[in-house]
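Trainee: Each chain is listed here by its residues.
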Amino acid sequence: MIRITDPGPQTTVQDLGRIGQLRYGIPPSGPIDTRAFVAANRLVGNTDGAAGLECTLMGPRFTVEAACAVAVTGAATPVTINGEEAPQWTTLPLAPGAAVRVGAARAGVRVYVAFSGGLDVPVVLGSRATYLRGRLGGVAGRALKRDDVLRLQPAPMPPRRRLPASAIPPIETEPEIRVVLGPQADRFTDEGIAAFLAGPYQMLPQSDRMGARLSGPRIAHARGHDIISDGIALGSVQVPGDGQPIVLLVDRQSTGGYTKIATVGSFDIGRIGQVKPGQYVRFRAVDVAEAHRLRGAWQSSVTAMKGDPA
Amino acid sequence: MALSVELGDEISQETNTRVRALEYLIQAKGVSGVVEMVPSFRALLVYYDPAQTDFDALCATLTSLAEQSSDAVLPPARRVELPCCYDPDLGLDLVAAAERLGLATDELVRLHAGAEYLVYFVGFTPGLPYMAGVPERIRLPRLETPRVKVPAGSVGLGGAQFCIYSVESPGGYWLLGRTPVRLYDPEAAEPTLLRPGDRVRMRPVDRAEYDAIAARVAARTWQPVIA
Numbered sequence: 001m002i003r004i005t006d007p008g009p010q011t012t013v014q015d016l017g018r019i020g021q022l023r024y025g026i027p028p029s030g031p032i033d034t035r036a037f038v039a040a041n042r043l044v045g046n047t048d049g050a051a052g053l054e055c056t057l058m059g060p061r062f063t064v065e066a067a068c069a070v071a072v073t074g075a076a077t078p079v080t081i082n083g084e085e086a087p088q089w090t091t092l093p094l095a096p097g098a099a100v101r102v103g104a105a106r107a108g109v110r111v112y113v114a115f116s117g118g119l120d121v122p123v124v125l126g127s128r129a130t131y132l133r134g135r136l137g138g139v140a141g142r143a144l145k146r147d148d149v150l151r152l153q154p155a156p157m158p159p160r161r162r163l164p165a166s167a168i169p170p171i172e173t174e175p176e177i178r179v180v181l182g183p184q185a186d187r188f189t190d191e192g193i194a195a196f197l198a199g200p201y202q203m204l205p206q207s208d209r210m211g212a213r214l215s216g217p218r219i220a221h222a223r224g225h226d227i228i229s230d231g232i233a234l235g236s237v238q239v240p241g242d243g244q245p246i247v248l249l250v251d252r253q254s255t256g257g258y259t260k261i262a263t264v265g266s267f268d269i270g271r272i273g274q275v276k277p278g279q280y281v282r283f284r285a286v287d288v289a290e291a292h293r294l295r296g297a298w299q300s301s302v303t304a305m306k307g308d309p310a
Numbered sequence: 311m312a313l314s315v316e317l318g319d320e321i322s323q324e325t326n327t328r329v330r331a332l333e334y335l336i337q338a339k340g341v342s343g344v345v346e347m348v349p350s351f352r353a354l355l356v357y358y359d360p361a362q363t364d365f366d367a368l369c370a371t372l373t374s375l376a377e378q379s380s381d382a383v384l385p386p387a388r389r390v391e392l393p394c395c396y397d398p399d400l401g402l403d404l405v406a407a408a409e410r411l412g413l414a415t416d417e418l419v420r421l422h423a424g425a426e427y428l429v430y431f432v433g434f435t436p437g438l439p440y441m442a443g444v445p446e447r448i449r450l451p452r453l454e455t456p457r458v459k460v461p462a463g464s465v466g467l468g469g470a471q472f473c474i475y476s477v478e479s480p481g482g483y484w485l486l487g488r489t490p491v492r493l494y495d496p497e498a499a500e501p502t503l504l505r506p507g508d509r510v511r512m513r514p515v516d517r518a519e520y521d522a523i524a525a526r527v528a529a530r531t532w533q534p535v536i537a
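Going down the list, the sequences are from chains W and P.
Take the first sequence: its letter number 102 is residue 102 in the working numbering, and every next letter is one higher.
Take the second sequence: its letter number 6 is residue 316 in the working numbering, and every next letter is one higher.
In isolation and in its complexed conformation, chain W is listed as follows:
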């Protein structure tokens, strides 16, 4: 059992998400930085989709009742076990009663904490992922609170491993995010598209798991900013009348009526999700074939990711 002594500003239970409910208006949820989430699970001997925690800007403090292992990945953050510093991207065996503190992110936004066995919260519509706006999944559909108690599924203590430095994605200060233009790129002026691709765009503090709100060069519409509402993909870049882009993420609305200039490739969602408010991103257009190639390369690198003995 895990007892939360301080949840951090927004810590939720996530797994790889809820598939098949978008047609009812329920988004998949799941981790924003899938690669970091999967790495944490593998380091504690779990399957990739076992439920763990996603924390925002600051991690939780918790104590464990029984021996288990944890791994902390994602944003760069200090970790201590009973006050002793401990590394990220490494299997951390815990003795009964151990107190773990995951601190404030020095770089990046989303921190992941996996537990050996995975968190045992109820499966709702095929997933344990928390959808905050819909009050669904996770712990009663909400972010963790102080004194929450979470159970783990039974699992053996995993061997100690660490992810080699070469497999740890760097937290970038001004990442170049790859997009495929469309589906409504024709609703913008050439200057508007050029402004979008020139950037840079600053991440705004209102950003959340629903969308990354950005501020930068105004993206001019050629004819109106409203469309007949249609489906919003993961990474859809909506541009409302104010000409400022919003990148829709894992807790997105299923449909919307603003023009979409481009779509961020799923392989870059984790990268944009690690950009801190106040920092900048740039966008680069790729064609569909290149996006498929990048997706394939990303998938292979995630599949190949495994720890070395520590």
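Because the hints were derived from the structure by calculation, they are not lab data.
Don't be surprised by glycine CBs; every beta carbon is placed ideally from N, CA and C.
A few of these clues could be false.
As the list claims (entries may be wrong) - Which stretches of chain P does chain W cover? Using the computed rule of at least three CB atoms under 8 Å from a CB of chain W, they are: (1) 347–358; (2) 421–433; (3) 442–448; (4) 480–487; (5) 493–501.
Said to hold, decoys possible - Label pairs and their computed distance ranges (CB to CB): (6) P386(P) with E172(W): 52 to 58 Å; (7) R513(P) with G97(W): 55 to 61 Å; (8) E172(W) with R410(P): 51 to 57 Å; (9) A220(W) with A522(P): 37 to 43 Å; (10) D48(W) with E417(P): 43 to 49 Å; (11) E316(P) with D208(W): 25 to 31 Å; (12) T373(P) with E172(W): 38 to 44 Å; (13) L450(P) with S215(W): 46 to 52 Å; (14) P200(W) with L384(P): 44 to 50 Å.
Using the hints, position chain P against chain W.
Mentor: Okay, now just chain P, sitting in the frame of chain W:
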């Protein structure tokens, strides 16, 4: 990855029927590589896994299925009856809407409750149905200033569209009444009530019946009539 299949550029029952028929055909044929789909007014968003399908082959399959997409391929629609209390305390714009339309409020209610509405799609917030079938006589442009908070269950009119707010959210539709039924209940085994293609009718109830049904809904002992 996702691609959007656009079947028209207008809001019409014919176009939306083709969208839903295409979704149905893709599902029925188990087109490989398709992960999930989102129907809307005139487009079908298709999420696919590029590791499981060739993009060009998928596009060719979808184009060919789009040609077969018509009402004829769809299974019979579900018919759903929802109680609705058209009381000015719950339908915050009922009186203003009637005035704007030059109708008595009970005439507006009669026309609204007399129509059958087709669920074009469900989206935006969990379980929110976008419906068509609003009689010409009671169509109104959306509110000039949207409300910041519309209570869940509010029954709203905006142009040719009719919707029922599934959760408390901002909204720009004229609120005629409220249903005690939960269109989204995160604690239910099936959290969303309506599906694309459902045919919905509103049954006028008075405030006493609304309150009685609301109490039974809260106790989970009430279910709407679905045929």
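Trainee: So, for every hint listed, does it hold in this structure?
Mentor: Quick rundown of the hints versus the structure:
By the rule of at least three residues with a Cβ nearer than 8 Å to a Cβ of chain W, the coverage given for the region 347–358 of chain P holds, with 10 such residues. Proximity of the region 421–433 of chain P to chain W, defined as three or more residues with a beta carbon under 8 Å from a beta carbon of that chain, is established by the 3 residues found. Proximity of the region 442–448 of chain P to chain W, defined as three or more residues with a beta carbon under 8 Å from a beta carbon of that chain, is not established by the 0 residues found. Note: the region 480–487 of chain P has 0 residues with beta-carbon separation from chain W under 8 Å; the three-residue rule is not met and the coverage is violated.
Three residues within the 8 Å Cβ limit are the bar, and the region 493–501 of chain P against chain W gives 3, so the coverage statement holds. The hint said 52 to 58 Å for the Cβ distance between P386(P) and E172(W), and at roughly 53 Å that hint holds. Range check, R513(P) to G97(W): about 60 Å between beta-carbon atoms, so the 55 to 61 Å window is met. As the Cβ distance of E172(W) to R410(P) is approximately 54 Å, the hint placing it in 51 to 57 Å holds.
Distance hint check for A220(W) and A522(P): the Cβ-Cβ separation is about 55 Å, which falls outside the suggested range of 37 to 43 Å. In this structure the supplied range 43 to 49 Å is violated for D48(W) paired with E417(P), their Cβ-Cβ distance being about 59 Å. At about 30 Å, the CB distance of E316(P) to D208(W) agrees with the hint of 25 to 31 Å. Checking the proposed 38 to 44 Å range against T373(P) and E172(W) shows it holds: the Cβ atoms sit about 39 Å from each other.
Range check, L450(P) to S215(W): Cβ separation about 36 Å, and the 46 to 52 Å hint is violated. At about 48 Å, the CB distance of P200(W) to L384(P) agrees with the hint of 44 to 50 Å.
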